[in-house]
Each structure stands twice: as C-alpha cells, then as structure tokens.
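Throw the hints in and build the complete structure from the sequences for me.
Protein chains: 2
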Amino acid sequence: MNAAVTEKPIKSDQKRLLAALRGRIPDRPPFWLMRQAGRYLPEYRELRRQAGNFLELCYSPDLATEVTLQPIRRFHPDGAILFADILLVPHALGQELDFREGDGPILAPIRSVADLARLRPAAVHERLAPVYETVRRLSRALPADVALIGFAGAPWTVATYMVEGGTSRDHALAKRWAFADPAGFQRLIDLLIDATTAYLDHQIEAGAEVIQLFDTWAGVLPAAAFRRWCLEPVRRIRGHLADRHPNVPVIGFPRGAGALYAEMATIGLDGLGLDAAVPLDWVRGAVPPKLCLQGNLDPQMLVIGGDAMTAAIREILTSLADRPLIFNLGHGIVPETPPEHVAALAAEVRAWRSPS
Amino acid sequence: MNAAVTEKPIKSDQKRLLAALRGRIPDRPPFWLMRQAGRYLPEYRELRRQAGNFLELCYSPDLATEVTLQPIRRFHPDGAILFADILLVPHALGQELDFREGDGPILAPIRSVADLARLRPAAVHERLAPVYETVRRLSRALPADVALIGFAGAPWTVATYMVEGGTSRDHALAKRWAFADPAGFQRLIDLLIDATTAYLDHQIEAGAEVIQLFDTWAGVLPAAAFRRWCLEPVRRIRGHLADRHPNVPVIGFPRGAGALYAEMATIGLDGLGLDAAVPLDWVRGAVPPKLCLQGNLDPQMLVIGGDAMTAAIREILTSLADRPLIFNLGHGIVPETPPEHVAALAAEVRAWRSPS
Chain U
2 MNAAVTEKPI KSDQKRLLAA LRGRIPDRPP FWLMRQAGRY LPEYRELRRQ AGNFLELCYS
62 PDLATEVTLQ PIRRFHPDGA ILFADILLVP HALGQELDFR EGDGPILAPI RSVADLARLR
122 PAAVHERLAP VYETVRRLSR ALPADVALIG FAGAPWTVAT YMVEGGTSRD HALAKRWAFA
182 DPAGFQRLID LLIDATTAYL DHQIEAGAEV IQLFDTWAGV LPAAAFRRWC LEPVRRIRGH
242 LADRHPNVPV IGFPRGAGAL YAEMATIGLD GLGLDAAVPL DWVRGAVPPK LCLQGNLDPQ
302 MLVIGGDAMT AAIREILTSL ADRPLIFNLG HGIVPETPPE HVAALAAEVR AWRSPS
Chain W
2 MNAAVTEKPI KSDQKRLLAA LRGRIPDRPP FWLMRQAGRY LPEYRELRRQ AGNFLELCYS
62 PDLATEVTLQ PIRRFHPDGA ILFADILLVP HALGQELDFR EGDGPILAPI RSVADLARLR
122 PAAVHERLAP VYETVRRLSR ALPADVALIG FAGAPWTVAT YMVEGGTSRD HALAKRWAFA
182 DPAGFQRLID LLIDATTAYL DHQIEAGAEV IQLFDTWAGV LPAAAFRRWC LEPVRRIRGH
242 LADRHPNVPV IGFPRGAGAL YAEMATIGLD GLGLDAAVPL DWVRGAVPPK LCLQGNLDPQ
302 MLVIGGDAMT AAIREILTSL ADRPLIFNLG HGIVPETPPE HVAALAAEVR AWRSPS
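In order, the protein sequence lines correspond to chains U and W. Take the position in the first sequence, starting the count at 1, then add 1; the result is the number in the numbering used here. Take the position in the second sequence, starting the count at 1, then add 1; the result is the number in the numbering used here.
Bear in mind the hints are in silico, worked out from the structure with no lab data behind them. Values in this document were obtained by computation on a predicted structure and should not be read as measured data. What you were told as hints is all true, and nothing was included just to trick you.
For each label pair, taking beta carbons as the anchor points, the in silico distance ranges come out as:
{"#": "1", "chain 1": "W", "residue 1": "GLY286", "chain 2": "U", "residue 2": "PRO290", "range": "16 to 24 Å"}
{"#": "2", "chain 1": "U", "residue 1": "ASP28", "chain 2": "W", "residue 2": "ALA225", "range": "25 to 33 Å"}
{"#": "3", "chain 1": "U", "residue 1": "ALA123", "chain 2": "W", "residue 2": "GLU57", "range": "54 to 62 Å"}
Just so you know, even glycine gets a beta-carbon here, dropped at the ideal spot from N, CA and C.
Structure follows, in structure tokens:
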C-alpha cells in the first residue's frame with residue numbers, strides 16, 4: 002500500500018476543471034457539486050445499508066470508490082471528489098471517533114496541550130492507507146475528462162470538531178481555547194498543518210489532480226483570529242504542497258468568510274470556493290481576475306428545482322462568464338434533493354457557452 | 002393602556018448613545034451589550050424561577066421592567082434594552098408559541114399563503130399592550146444618561162421562525178418558500194413589515210429613544226434574496242418610522258451579512274450593528290464615516306475575560322476611535338459569562354478617552 006505511484010501526466014486539454022484552475026476559460030464552465038456522492042442518491046443509501054458504519058465505508062477502497070463513482074455515472078460532472086470525511090485526519094491521529102445516525106460525529110475531545118499527548122502523528126499514514134488506495138483506483142477508473150479532486154478539512158474547522166467533540170452551535174470551546182491560550186492552540190493547529198499536508202501529499206502521489214481545503218467554520222471567527230487560524234494555516238499547507246507538486250491546483254473554501262474572502266485571494270490559491278451568501282458583483286471586484294472562482298448556488302435551490310433554480314444558475318454563469326469559473330453549490334447537497342434536479346442542473350451548465 | 006403618551010424630549014447632551022447615533026463622537030464611546038439582561042445574571046435566574054414561563058415574563062410589566070433594570074444597576078451601561086423577545090410579534094399575530102427549556106421556541110408553523118389566514122393582525126396591539134407598559138415604566142425609571150432601546154426582529158429572521166416552527170440549522174423551509182414562491186412569501190414579509198412598524202411605533206410613543214432591528218439570520222441568504230428579504234424590509238420599516246419619529250435613531254443588525262454590510266449602510270440607518278466576524282479595517286472603508294458602528298467583541302471573549310479580553314476591547318476602541326461608535330458584542334452574551342467580566346468590560350470602556 003505504501004508503494005509510491007508516479008504522478009499521472011495531467012491531461013489539461015481534456016479537463017475543463019484543470020483549465021479553469023489555471024486561469025483559462027474553457028468552452029463552458031466545468032462543474033461538480035459538493036456532496037455529489039451522498040444520501041440524496043438511492044444507490045448511495047442502498048450501499049450504506051449494506052456497508053455498516055460510516056467509517057468502514059470511508060476506509061473501504063471498494064466501497065469508497067463505488068460511492069465516488071455513483072454521481073459520475075449519473076451526471077458526468079467535470080470533477081470527482083474522493084469519498085471520505087474531514088474527520089479521518091483526527092481519527093488517524095488517534096482520536097476516538099464514532100458516527101451515530103442523526104447525531105453526527107462524536108469524538109473524545111481534545112481540550113488542552115496535555116490532551117495533545119493522546120495523538121500519535123507517526124501512525125497517520127498506516128490508518129489512511131486505504132484512502133490512498135481509493136484515490137489510486139479512482140485515478141484509473143475515471144473518464145478521461147473528469148478531474149480527480151482530493152481534499153481535507155482546513156485546520157481550524159477540523160480543530161473545532163476535535164475540541165468540541167462533535168458538531169457545535171457556537172464553537173465556544175474551540176474559540177475559548179484559541180482566544181485564551183493561543184500558544185497552546187497553535188500547537189494543535191501546527192500538528193494539523195503537518196498531518197494535513199502529509200495526507201494531501203499522499204493523495205496527490207496516489208493520483209489526485211486537484212485539492213480542496215474545506216474550512217466550513219471559517220466564518221465564525223473575528224478577523225484577527227481568522228487571519229491566524231484560517232488564512233495562515235491554509236497559506237502554509239498551500240505553500241508546502243506547491244513545493245512538492247507545483248502543478249496541482251488548490252481550492253480554498255473558507256465558508257462564511259464574508260469580506261475576508263478578499264484576503265483569502267492573496268495567499269497563492271488557484272481557486273476560491275464561494276459560499277451561497279457571497280455577492281458575485283462584490284467578489285468580482287475584490288479578487289484578481291485570473292483567480293478561478295467556484296460556487297455558489299444555494300443548495301436549497303437544488304431542492305426546489307424548476308424555473309427558480311434555472312434562473313439562479315444562469316445568474317451565476319452570466320455574472321462570472323468572463324473569468325475562470327467552476328460551477329458548484331455554495332455548500333453541500335442536502336439529502337432532500339431530487340436527483341432529477343441535479344440532472345437538470347448538469348444539463349443547464351453543459352448547454353452554456355462561454356463568450357469567445 | 003392605549004392612551005397616547007407624548008414623546009419625551011430627548012436629552013441628547015446627557016446621553017452618549019444618542020450622540021453617537023447622530024454622528025457625533027462623545028468623550029468616550031457609549032456601550033451596551035446584547036442580552037445584557039439574561040441568564041448569566043444570578044438575579045435573573047432567581048426571578049425566572051419565580052416567574053413561571055418565559056412568555057409570562059415578557060408580558061409582565063413588573064417583571065420585564067425589573068429584568069431590564071438588573072444589568073443597569075450592576076454595570077450602568079449607556080443603553081437599556083427593553084426585555085422582550087423577537088417572537089412576541091408572531092405570537093401577537095395569533096401564531097401559537099411556546100418556549101420549552103432547552104428546546105428553544107416552538108411555533109405552529111406557517112408554510113403557505115393559506116396558513117397566513119390563521120394570523121389576525123387586528124389583535125396585535127391588545128396582546129402587546131403590556132410590552133408598551135413596560136417601555137413606559139422604563140422610560141420613567143432609567144437614570145438620566147441611559148438611553149432606552151426598543152427593538153424588534155427584522156422580518157426575514159422572524160419569518161424563519163414562523164415557517165420553520167422554531168430554531169433551525171439551515172432555514173431550509175423558509176428559504177424554499179422564499180425561492181419557490183416569492184410572491185406568496187412576500188405576503189408574509191409585508192404582513193411582518195406592517196406589524197413590526199406598528200409595534201415599534203407604539204414602543205417609541207411609550208418612550209423608546211432608539212430602535213434596533215435584529216436580523217439574526219441575514220447571513221444565510223444569497224445576495225439577491227438578502228436584498229429582497231433583509232435589506233428592503235428594513236429600509237421600509239426605517240422609512241415608515243422616519244416619517245413619524247424623525248428624531249428616533251434606528252440601528253440595523255444584519256448578522257452575518259459579510260460584504261453586504263456595505264449595502265446596509267445605504268438605506269438610511271443611523272447605526273449598523275457588526276457581528277464579531279466583520280473586519281473593522283474593511284468596514285471603515287466600506288461605509289460612510291458619519292454612520293455610527295456598533296459592535297463587535299466576540300461573546301466568547303467575555304467568557305474568558307482577562308488580558309485577552311482587554312486586548313480585544315482596546316483593538317475595537319482603537320480601530321474605530323475616530324468615528325461614532327457604540328461599543329457592544331457581536332452577538333448576545335452567553336449564559337456561561339461571569340458577571341465580573343462584564344464589570345471589567347464596562348470599566349475598560351468607561352476609562353477610554355476619545356481622541357480630541
């Protein structure tokens with residue numbers, strides 16, 4: 002499982018997703034959808050019933066490959082995102098993790114520098130080896146025009162789960178640690194920067210052609226804390242990856258960053274994922290014109306479908322027609338989404354023609 | 002209870018809060034704190050135990066006056082906000098409402114134009130009369146330098162509770178109604194604009210000197226929907242109030258509005274409440290220099306206290322020293338807050354001197 006795999010030659014010309022991330026405007030914008038593999042698909046629910054628990058699914062190359070491919074067969078998006086979870090990194094570090102139906106993830110919380118001693122960074126890649134195997138299999142299985150997207154949670158977001166012990170309404174405990182003991186909290190963040198960089202490095206070596214960093218809870222921090230705990234760790238991970246894999250583009254997704262999206266555009270990312278609340282007329286002026294933007298349809302639009310969804314899709318395509326764009330949602334697909342609405346979205350984007 | 006009360010002459014010179022909202026810079030910034038009356042205070046918890054349920058507390062002029070005054074006695078802030086709840090308006094409109102300990106509010110949901118027939122706008126002021134009586138009593142009871150702040154929820158935020166039937170993680174049902182049937186949803190919003198305007202009109206006639214509109218969930222909408230369901234209703238309420246009470250300033254608090262804060266600064270508000278995530282260096286450049294800003298300390302800073310809190314307070318005071326500012330939190334005080342940290346905050350702001 003640890004055998005190095007030569008990085009695949011990137012077939013840029015065939016992959017619209019890579020072209021857009023390199024600052025070009027393909028014949029039409031590429032698209033993929035966050036959580037495109039998931040509970041809204043009957044074939045996913047069927048496989049979940051057979052698979053047992055969620056972690057086993059993530060760690061099974063057979064099943065994770067199959068789940069990743071399910072939406073590709075149905076909708077043929079321009080990107081396939083590895084099926085995994087952002088909490089595999091803390092789990093691989095040795096933090097106890099359980100997914101309970103309806104309750105979300107439950108972790109044995111880490112709340113002090115002393116608790117960090119429970120983590121074992123050395124064992125990470127052994128535990129994550131099945132994920133790398135999934136990437137290798139996907140790399141061989143995907144159609145030639147579909148880019149393989151690897152991913153990880155950004156350190157701040159992963160840290161919130163590690164500290165809170167699960168999902169949280171106000172991220173109170175993570176914030177308090179970060180505010181009251183920034184030097185101690187920095188040790189957790191540094192540990193996550195290292196583990197995440199290594200994890201993504203292995204994903205790229207196994208065949209991931211694009212990386213996305215999910216900072217789902219970037220929007221809850223004051224500006225000074227955002228700069229230290231969201232912007233700086235992502236800058237460092239991006240820098241480390243650039244040293245080793247200069248041709249692999251990285252998309253940052255600092256959900257809820259508001260006006261701070263402008264600063265996220267300055268740290269060397271190739272793409273910037275926009276949540277549904279970002280005003281496109283503002284962001285156009287706030288980030289460099291060559292930077293690829295990704296987003297930002299509200300997932301509830303995909304639930305209702307119809308003319309309202311079509312109008313919202315066209316508004317995004319029109320607003321950003323003259324710059325590199327990856328069409329996507331502003332957040333993950335929700336389980337209530339009818340798959341036929343995803344098919345309609347795919348048809349709409351596929352029919353679009355970029356201005357020449 | 003319906004007897005008209007003459008609007009009090011406003012003693013601007015004695016009230017720093019009003020001076021700042023009129024674009025002036027007093028000797029030091031005024032301050033008050035969202036949820037300054039609440040569960041973090043032992044005297045509030047004691048009174049709650051005696052009072053029975055939360056709605057009875059809101060509708061009792063004796064108890065609501067006492068609760069409003071509790072933090073004034075302890076900390077002598079520059080503003081006293083009426084103790085009430087943003088869901089009194091739907092309740093007064095006839096929507097069933099219950100507050101259950103731990104679960105938050107439970108409402109009989111309104112999910113279609115047909116459901117709107119269950120609301121009875123004509124009966125609103127009879128039900129809200131005790132709130133107006135509380136305002137009258139507070140108006141007489143407050144120290145001469147403390148401004149009385151009336152408030153309401155902004156229509157979008159109130160609508161989310163009415164449609165969801167309570168608090169909600171993603172506001173899915175409210176969004177879907179607004180996206181799929183904007184004309185129908187507009188009827189709910191119009192009804193709320195009218196009821197809220199009349200409610201605030203009565204609060205002002207009873208003695209409220211400042212109004213704040215809480216749009217707690219403004220940050221969850223795409224830009225076009227934000228403009229229609231957050232910005233436009235607040236503009237209309239502000240306009241109606243300006244016609245009748247041109248001297249009563251209005252503060253808008255579109256929590257989570259991100260880059261759209263810049264647009265909220267263009268609709269005639271006297272103050273703009275900033276959530277904790279708004280970067281002050283950005284907002285300085287994005288809104289007119291005479292517009293009073295309010296905020297934006299993270300409530301978790303008030304939980305940890307100490308040097309980190311002091312530094313964060315000074316950073317806000319320094320960043321906005323040269324413009325009208327009301328010092329406040331970026332969101333409500335949380336129950337875990339030690340009251341002595343609030344006292345330390347008050348002392349810190351009171352010791353500050355504006356540059357002359």
